[in-house]
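Visitor: Residues per chain, in single letters:
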Amino acid sequence: MPAVDTVDLTEHANHDHPVEPSATGTTNPRRRRRYLRDPRPWRSSDLRRALVLLVIGAVLAGWGWFKVSGKVRLHDQQGWAALACLGAAIAACGGVYLLTVSMREVRLGQRQLMFDLADVMGWTVSVTDRGRLRLHAGDESRTDVVAHAEASVLVTGPGMTIVHRSECPIARGKPVSEISAADAAARNLGECGVCRP
Amino acid sequence: MELMNLLRTQWDRALSIVCAIGGAVSLLLGWIGTSGTEHVAAQLPYLVSNGLTGIFLLGIAAVLWISADLRDEWRELRRVGTLLDRELSERRNDRLAEQSSGSHARS
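In the order they appear, the protein sequences are chains A and B.
Just so you know, we're using the working numbering here: the first sequence kicks off at 2 and counts up by one.
Just so you know, we're using the working numbering here: the second sequence kicks off at -9 and counts up by one.
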């Protein structure tokens, strides 16, 4: 098996009787499944914002074009040409905004679907070291995860009020140091809700 | 008739192709216009009108095409999500039925 840094995120302990997806929990991405309700990945407010940017950009570009074509000297045209370019850039921002929002929603929907699929199939979900979700079918993958979880150590960092497992995606990239369970209890540190140390 | 159906269902991709063609034509016209004169002041209106319009239309085409792909992805999510939802509710109903039959048997 490839050595993948994983954190088990699936909450059901008994795999013979998988539980229904719960709509609670701060780390559970199943809280809002927009793909079941909304016909499009973007909200109407997102579309409105994008259209406002598009219209503002188009108006500025059109104004610049109108003014440039009315001047005969290059010196007089330069400012209006710059305005037209600014308008085109604003319009482009509108399109990029809409696509970014849509891609984010689709990605979130894919993650939510993975949790639902894991619930139906009785699989487990874990986070790889690159922050991606991974489904584990059957017990053999789960033993890998559990074995890895047992091998992990507790870490915390300056200013943190909770402890994480060393492979926790929340703690990744932060200046953390190892801490024993006794020290964590003595300092009254809470437990991370994602990696559940 | 099939073409009309295709246009109705894939209106965003059809519009994207139209915008892309319009953008390419606009850029071509701008190039023809600027190549016809040596004065920069005479070239700039072509650059702003045809050049920017062409880029604008090509950008719209790209946004429409990618958003169509995203909507397809969204529809697929919805389809699979609905199936999973149905499966989960069936299991829930089965479990409730088992519990109620168990309580009847005890009583």
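Treat the hints with care, as some may be off.
What the hints assert, rightly or not - What the simulated footprint calls covered on chain B by chain A, stretch by stretch (three residues with Cβ under 8 angstroms from a Cβ of chain A suffice, anywhere in the stretch; the number is not a length): (1) -9 to -1; (2) 2 to 10; (3) 28 to 40; (4) 72 to 83.
Said to hold, decoys possible - To spell it out: a stretch of chain A is covered by chain B in this simulated footprint if at least three of its residues, at any positions, have a beta carbon under 8 angstroms from a beta carbon of chain B; those stretches are: (5) 61 to 69; (6) 105 to 119.
Said to hold, decoys possible - Label pairs and their in silico Cβ distance ranges: (7) B:E77 with A:R112: 41 to 51 angstroms; (8) B:D2 with A:L37: 16 to 26 angstroms; (9) B:G92 with A:R112: 44 to 54 angstroms; (10) B:D84 with A:L136: 41 to 51 angstroms.
It is worth saying that the hints were derived from the structure and are not from the lab.
Here a beta-carbon is modelled for each residue, glycine too, at the ideal position from N, C-alpha and C.
Visitor: Each hint needs a verdict: does it hold in this structure or not?
Guide: Comparing the hints with the structure gives:
no.: 1; hint: -9 to -1; in the structure: violated (count 0)
no.: 2; hint: 2 to 10; in the structure: violated (count 0)
no.: 3; hint: 28 to 40; in the structure: holds (count 7)
no.: 4; hint: 72 to 83; in the structure: holds (count 7)
no.: 5; hint: 61 to 69; in the structure: holds (count 4)
no.: 6; hint: 105 to 119; in the structure: holds (count 8)
no.: 7; hint: B:E77 with A:R112: 41 to 51 angstroms; in the structure: violated (19 angstroms)
no.: 8; hint: B:D2 with A:L37: 16 to 26 angstroms; in the structure: holds (22 angstroms)
no.: 9; hint: B:G92 with A:R112: 44 to 54 angstroms; in the structure: violated (37 angstroms)
no.: 10; hint: B:D84 with A:L136: 41 to 51 angstroms; in the structure: violated (24 angstroms)
Of the numbered hints given earlier, the model fails hints 1, 2, 7, 9 and 10; all others are met.
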